[in-house]
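Sequences listed follow chains A and B, in order.
Be aware that the first sequence starts at 1, since it is given in the numbering used here, and climbs by one per residue.
Be aware that the second sequence starts at 1, since it is given in the numbering used here, and climbs by one per residue.
One should not assume that every hint holds.
Not close to chain A: a few residues of chain B, all C-beta gaps over 12 Å, as computed [said to hold, decoys possible]: (1) N5; (2) S37; (3) L38; (4) N66; (5) V129; (6) K148.
Some residues of chain A that are not near chain B, with every Cβ distance over 12 Å (derived) [said to hold, decoys possible]: (7) S77; (8) N146; (9) K149; (10) S184; (11) L231; (12) F236; (13) L242; (14) N255; (15) V260; (16) P286; (17) F355; (18) V361; (19) V363; (20) E385.
Computed Cβ-Cβ distance ranges for the label pairs, DEER-style [stated by the list, open to error]: (21) A:V89 x B:P9: 28 to 38 Å; (22) A:W284 x B:N61: 56 to 66 Å; (23) B:A51 x A:K280: 30 to 40 Å.
These are computed hints drawn from the structure, not numbers from a lab.
The beta carbon of each residue, even a glycine, is placed where N, CA and C say it ideally should be.
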Amino acid sequence: MMITRQLKKCFLALIFSLGSIVMFSNVENTEVLTRHEEGGEHHANAASESGLVDSKEEINAYKAHHLADSHDFHLFSYGGEHGSQRHHVGFSLPVIVWTSKGLVVFMSSEFHHNDDGHHIVSKKGIKLAKLHSKIYELEANAHAINFNKEHHPINAHKVLDFSITKSVLGMLIAGLLMLLGFSSLAKGYKRGAIPTGFGRVLEPLVIYVRDEIARPNIGEKKYRKYMGFLLTVFFFIWILNLLGLTPLGFNVTGNIAVTVCLALFTFVITTFTANKDYWKHIFWMPGVPVPMKIVLMPIEILGMFTKPFSLLIRLFANITAGHAVVMGLIAVAYTAREALGVAGGFGVSFLLTLFISLIEVLVAFLQAFIFTMLSSLFIGMAVEEHDHH
Amino acid sequence: MNLLNDFSPGLFIMQAIILLVLIVLMRKFAWKPILDSLNSREEGIKDALDAAENAKKELQNLNADNERILNEARAERDGMLKEAREMKATMIADAKAEAEAEADKVIKQAQVAIIAEKKAAIADLKNQVAGISVEIAEKVVKTELADKDKQLALVSSLLEEVTLN
Numbered sequence: 001m002m003i004t005r006q007l008k009k010c011f012l013a014l015i016f017s018l019g020s021i022v023m024f025s026n027v028e029n030t031e032v033l034t035r036h037e038e039g040g041e042h043h044a045n046a047a048s049e050s051g052l053v054d055s056k057e058e059i060n061a062y063k064a065h066h067l068a069d070s071h072d073f074h075l076f077s078y079g080g081e082h083g084s085q086r087h088h089v090g091f092s093l094p095v096i097v098w099t100s101k102g103l104v105v106f107m108s109s110e111f112h113h114n115d116d117g118h119h120i121v122s123k124k125g126i127k128l129a130k131l132h133s134k135i136y137e138l139e140a141n142a143h144a145i146n147f148n149k150e151h152h153p154i155n156a157h158k159v160l161d162f163s164i165t166k167s168v169l170g171m172l173i174a175g176l177l178m179l180l181g182f183s184s185l186a187k188g189y190k191r192g193a194i195p196t197g198f199g200r201v202l203e204p205l206v207i208y209v210r211d212e213i214a215r216p217n218i219g220e221k222k223y224r225k226y227m228g229f230l231l232t233v234f235f236f237i238w239i240l241n242l243l244g245l246t247p248l249g250f251n252v253t254g255n256i257a258v259t260v261c262l263a264l265f266t267f268v269i270t271t272f273t274a275n276k277d278y279w280k281h282i283f284w285m286p287g288v289p290v291p292m293k294i295v296l297m298p299i300e301i302l303g304m305f306t307k308p309f310s311l312l313i314r315l316f317a318n319i320t321a322g323h324a325v326v327m328g329l330i331a332v333a334y335t336a337r338e339a340l341g342v343a344g345g346f347g348v349s350f351l352l353t354l355f356i357s358l359i360e361v362l363v364a365f366l367q368a369f370i371f372t373m374l375s376s377l378f379i380g381m382a383v384e385e386h387d388h389h
Numbered sequence: 001m002n003l004l005n006d007f008s009p010g011l012f013i014m015q016a017i018i019l020l021v022l023i024v025l026m027r028k029f030a031w032k033p034i035l036d037s038l039n040s041r042e043e044g045i046k047d048a049l050d051a052a053e054n055a056k057k058e059l060q061n062l063n064a065d066n067e068r069i070l071n072e073a074r075a076e077r078d079g080m081l082k083e084a085r086e087m088k089a090t091m092i093a094d095a096k097a098e099a100e101a102e103a104d105k106v107i108k109q110a111q112v113a114i115i116a117e118k119k120a121a122i123a124d125l126k127n128q129v130a131g132i133s134v135e136i137a138e139k140v141v142k143t144e145l146a147d148k149d150k151q152l153a154l155v156s157s158l159l160e161e162v163t164l165n
């Protein structure tokens with residue numbers, strides 16, 4: 001009974017890991033795309049001073065730009081045809097950076113939408129420039145960023161960036177939505193045992209996470225302690241995934257720093273609530289001969305880290321790949337213009353994008369579910385009471 | 001490595017802080033009350049179901065009790081009827097026996113009385129016979145003491161007269 005359950009768990013983990021590998025290869029592709037774009041960037045910039053996104057290079061650059069975090073909230077742009085002025089609509093966000101002179105705060109509008117490091121902002125006697133959504137501090141005597149052959153700056157270094165970037169804003173919005181929605185659900189229970197209004201939608205989701213994710217994986221006795229984390233993470237990831245599908249263009253969960261942080265939480269919780277049996281199974285696997293114990297030890301220790309690592313890569317890769325595919329399909333409208341005509345290009349693009357977007361809605365839920373599910377599975381493995389055979 | 005280059009430590013720290021604060025806030029203001037309410041509601045439902053089940057069982061018990069009481073009453077009634085019937089039979093039998101006994105007694109008394117009467121009659125008869133005999137003897141003695149033949153004829157004629165009645 002015990003063994004079959006273990007096997008089932010391992011099998012499940014394996015399936016999801018395979019899924020993540022497939023997705024990972026997808027990301028490699030996007031990386032290649034991005035590199036390609038980096039090489040041809042100057043050319044692209046030169047070709048489109050107007051700021052129009054039209055050619056393949058421009059589309060790739062736009063895609064890479066979207067996938068990266070951003071310091072201002074860009075909604076849409078218009079104009080720029082036939083040499084007219086290109087207008088960007090959006091709003092700037094606060095930049096908060098820790099520099100050699102301490103904390104510096106200003107609005108991102110001071111960079112004037114410049115993202116290639118040419119616009120220098122001077123604050124507190126230091127010079128800051130924004131390059132590919134990263135903020136660099138120039139060395140004291142430098143007046144402009146000098147690049148080496150790989151297009152890396154040589155006289156500037158990155159600063160610790162606590163800015164309210166688009167991703168941070170997304171997280172704050174998601175957090176706010178969660179707080180508003182669920183605290184109203186919580187308050188609703190004071191009026192009666194049956195929730196009313198939007199609470200009717202939220203309550204089954206909470207019950208779902210509790211009964212389908214936490215209880216079966218962690219166990220009836222211990223699940224309650226981890227519900228706070230699991231529920232928060234589930235809804236946080238889900239809302240952010242869904243926000244990423246809106247035209248607002250958030251890409252929070254497709255941001256490696258975000259998924260690393262989420263997975264780290266799971267790792268810390270797993271490691272610090274693990275019981276004696278968990279460590280015993282890692283360092284001195286019971287029930288196998290001594291040479292096997294020695295062989296299994298490094299594998300199990302590696303397993304401690306690969307489990308959360310698979311979590312972070314899976315979420316990151318799925319969401320990044322999803323965004324890349326959706327943007328690529330939208331771009332079909334432009335890239336297939338010659339082959340299919342304007343109407344044909346738009347039609348094909350529309351249908352394909354619609355199809356993939358629907359799948360992405362499913363993926364948004366699925367990734368939140370899988371992350372929470374596997375987190376609870378890992379926690380469950382760590383706190384499981386083994387009956388001694 | 002593009003991935004490593006993309007990794008922003010600042011964003012990581014912001015995310016960690018936001019997530020931590022969010023977990024704490026959500027636990028306090030949302031998850032704890034929600035889960036508590038859900039638990040208490042589920043327990044309430046469970047209790048209500050148990051109570052309903054118990055009520056059902058009690059009702060069944062009550063029905064069984066009623067049935068039992070009814071059966072008992074019926075049995076009692078039957079018993080009473082049977083008893084009454086038996087009582088009637090015994091009473092009749094007793095009355096019969098008593099009547100017979102009384103009749104026997106009356107008959108016996110009558111017999112005794114008859115016998116006594118008979119004895120008395122016989123005694124009386126004997127007395128009368130003795131008296132008659134004495135009278136006859138007197139008459140014989142008075143009238144015909146001389147003639148022996150006549151005496152004998154007399155005696156025999158007297159004897160003929162005397163019939164033992």
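- Message: At 12 Å, judged by beta carbons, does S184 (chain A) keep clear of chain B as stated?
- Response: Label violated. Min Cβ-Cβ 9 Å, cutoff 12 Å.
- Item | V129 (chain B) non-interfacial with respect to chain A [C-beta, more than 12 Å] | Correct as stated: the minimum Cβ-Cβ distance to chain A is 128 Å, above 12 Å.
- Please confirm whether N146 (chain A) is truly not at the interface, meaning its C-beta sits more than 12 Å away from all C-beta atoms of chain B. holds (19 Å)
- Is it correct that the beta-carbon of F236 (chain A) has no partner in chain B closer than or equal to 12 Å? Violated, since 7 Å does not exceed 12 Å.
- Could you check that no beta carbon of chain A comes within 12 Å of the beta carbon of K148 (chain B)? holds (152 Å)
- Far enough from chain B: is every CB of that chain over 12 Å from the CB of F355 (chain A)? Fine: 28 Å to the nearest Cβ keeps F355 (chain A) off the interface.
- Item | Cβ separation check - V363 (chain A) to all of chain B, threshold 12 Å | holds (20 Å)
- Task: Hey, is K149 (chain A) genuinely clear of chain B, shortest beta carbon separation above 12 Å?
- Result: holds (16 Å)
- Could one say that the CB atoms of W284 (chain A) and N61 (chain B) fall in the range 56 to 66 Å? For N61 (chain B) against W284 (chain A), whose Cβ atoms are near 59 Å apart, the range 56 to 66 Å holds.
- Message: Is the claim that S77 (chain A) lies outside the interface with chain B correct, judged by CB distances over 12 Å?
- Response: About 24 Å separates S77 (chain A) from the closest Cβ of chain B, which puts it past 12 Å; holds.
- Query: Does the claim that N66 (chain B) lies outside the interface with chain A hold up, using a Cβ gap greater than 12 Å?
  - Reply: Given that every Cβ of chain A is farther than 12 Å from that of N66 (chain B), nearest at about 37 Å, it holds.
- Is 28 to 38 Å right for how far apart the beta carbons of V89 (chain A) and P9 (chain B) are? Cβ of V89 (chain A) to Cβ of P9 (chain B): about 31 Å, so the range 28 to 38 Å holds.
Going through the hint list in order, the structure does not satisfy hints 1, 2, 3, 10, 11, 12, 14, 15, 23.
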